[in-house]
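Here is what each chain is made of, one letter per residue.
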Amino acid sequence: MMKFERYEWLAISIMISLFIFVGFIQGWSVSLVILNMCIISAIMTMGVNISWGYAGVINFGVMGFLAMGGLAAVLVSYPPIAESWQVGGRGLGISFALLVVLVIAVMYINKTVIQKRNRYILNSLIIFFGILIIRHYYLNATNNIEDVNPAIAGFLGGLGLPIIFSWIVGGLFAAGVAFVIGKVALGLRSDYLAIVTLGISEIVVSVLKHEEWLSRGVKNVIGLKRPVPYEIDLQNADWFINLVTYLNSSKLNNIIDVSDRQQVLNNLIIDGSGIFVKLSYAILFLIVMLIIFYFANKAQLSPWGRMMRAIRDNETAANAMGKDVVKQHLIIFVIGAAIVGVAGAMLVTLDGLFTPSGYRPLRFTFIIWIMVIVGGSGNNLGAIFGGFVIWFSWIEAAPLTTFIINQLTVALEPTNALKLHLLDSVPYFRYLFMGLILLLILRYRPKGIIPEKVRHS
Amino acid sequence: MIDFLNSIIVLLNFIIIPGISYGSQLALGALGVTFVYAILRFANFAHGEIMSFGAMITILFTWFFQSQNIGLGILPTALLALPIGIIATIILCIISDKFVFQYYRYQKSVPVVLAMVSIGVMFVINAIIRIIIGTETIKFSDGQKFIMKAKQFKVMTGLNEGLALKSSQVITILITILLLTFTFWFLQKTKTGKSMRAFSDNEDLALLSGINPDRVVFTTWIIVGVLACVAGTLYGLDKSYKPIIYLNLVLPIFASAIVGGIGSPFGAVVGGYVIAFSEIMVTYAYKKFFVYLLPSSIEPTGLVQLLSTDYKFAVSFSILVIVLLIRPSGIFKGKVL
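Protein chains in written order, with this note's numbering: chain A, 1 to 457; chain B, 458 to 794.
Treat each hint with caution, since some may be false.
Now the stretches of chain A that chain B is said to cover, found in silico as 3 or more residues with beta-carbon under 8 Å [to be verified]:
id : segment
1  : 194-208
2  : 359-371
The list that follows gives simulated cross-link-like pairs (lysine-lysine, BS3-like), each with its CA atoms no further than 27 Å apart [as the list claims (entries may be wrong)]:
id : chain 1 : residue 1 : chain 2 : residue 2
3  : A       : 209       : B       : 602
4  : A       : 209       : B       : 606
5  : B       : 696       : B       : 790
Over the 10 Å line for every Cβ pair with chain B, so calculated as not near, a few chain A residues [to be verified]:
id : residue
6  : 20
7  : 185
8  : 190
9  : 219
10 : 319
11 : 425
In short, the hints are calculated from the structure, not lab data. We put the CB at the ideal spot given by N, CA and C, even for glycine.
Same shape as in the complex, but just chain A:
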């Protein structure tokens, strides 16, 4: 079992006390909202940290893997739309079958035709005409699907299963995409790999944005079912009302007037139901985070983790010792992406809606990387810490900036143009903070706040 050092306990207690602090200042509801996102961010960060920190494989495709996780949440939990399947299912099936045939044909040609020029010509011909035929069926089918009740449906829907399954499916989806990317791109040098993964993640998101039959595209999918109870059900459930009464019994007993007491109780129940829902999410997410944390640590300390570090620190030497560097890079890239995919599904679960146009690289790739660098690459606790601290400052930057600007411009009149302009641009200061934090950490603590432990045997 792993043991924490003293400074690691300090980091953990800082994280916990931040939320307690916010809970008292801004209310528990706000605190829990931030906590939920922090946990999800921490999971994303662990995913990136596994590929970057363990093996030095750069993954700038975080956004794409998150989006795949989000797609999984939709496809697993949304009830199937029978009509769409009726009008478009056959066409889609045919075009998919044709695609498989096309791929097999290309593979066959690659195997049998030896002369390079002939191979290129044959392949391009087959691909060109194959795509023409597939497009015909495909466009027909997708147009039909998108015409089915476009205001509320217009896509295939999902399987109608509980959304919690999508967390695993999301991981699998992301792993699948990562496998393809890894096969294609992992041989590249690290800065090329960064650009390529960034580019491919943009492609993934643009596909999700524009293939409306699959994901409803920019029309968004709303009203995904929750894994936790709804507030309105809680407010009418006897056991919940009893629970709230019990928890606040001393406060309630002080109020003598019956109608007053009922009024107070109602307010407490409404507040309590919101907090209960967020708390249930937090517990679910925390369980996932701890499971991933446990296994990530286990893996890091295992012989496999040691091999990964060997590959990271000296690829040539590891290769000379008989380690299959290419294969291991692919494995770790896929694992990292899968964890990011799990986080993507959890993100959509928390929001209850899937908005493909919301996936932007600044927010979903670069911020995650800042978390990894700030927390400390190669250390899982560091990754969690980075996720918590950066997301926390991302959210709390706005109130803090407002406060600072008000203090600095206290001498100016409230109608002063500069002051008003600054207050208007409060949301943009968080980018400034993020950039400065990253630059300062890279300069003065390049291994991160909680650096990787160097193990000597």
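Chain B: place on chain A using the hints.
Same frame as chain A, now just chain B:
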């Protein structure tokens, strides 16, 4: 014959002219990325924001000149403000080098670390831009909008199809030619240019022959500043200025630089046009073109479009991926200025 001319005009109007002007903007951007890559040896993710910063300063001074009623007549006022924008961008580049990049250069950090650092710089510049000018879309082109309107062309030639020529497109093309000529002349003929090429080819050898690295880096940032500011302003002039668009522009720019062979300036320029033309050609609906060209019996019924315009950006990344797979060094073997 008339049909043939008409179809040519369609191509000119919707593919070739927009392609050349967009390609020029990408080429200038890619040239800047390539310079940083060849001399400072890292992928500069902040380049898009540097472009945006230059365009922003130009816009601010354009507004100032407009309020003072200073203009260039039929030309956009932005041209008058451009030199100020260039100077500001150069100062930004040099400040970011002095305070950020220099340290890692002296430490001899690996390229990935420098790329991360450039992400930090990107965030900071991004924030500064948003704080100063907000996130609204800004149109700042004034003066005469068209050199030739589609209607004029129709009347002039008697053809069915019009050919519109925006002044921003012509300005883009002219400035690009001017700047590219100057850059290549500088690299080939001047002593500083030659020392830059030597430095990018073999750093140790260059140092041994007495080339001052700080001077080379300084010159590089000046060139990068000029190129970035001009590229950013021209893009804003042609489309419209939108701070968030420049982050999206970074990827096509990287794609151009890599497709052409990163580190090779000529490759960057070619890459810019390759990316621009493929983006436009793959997403253009050729129906009109074929209607003119083919006899009416086999006229196409659909749009004859390979991919919907939604995938415009995806096209450039796909080309990037394909090029990296088939020929990782790019069209023109990169690495050396």
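Index of numbered hints that the structure contradicts, given in increasing order: 3, 4, 5, 7, 8, 11
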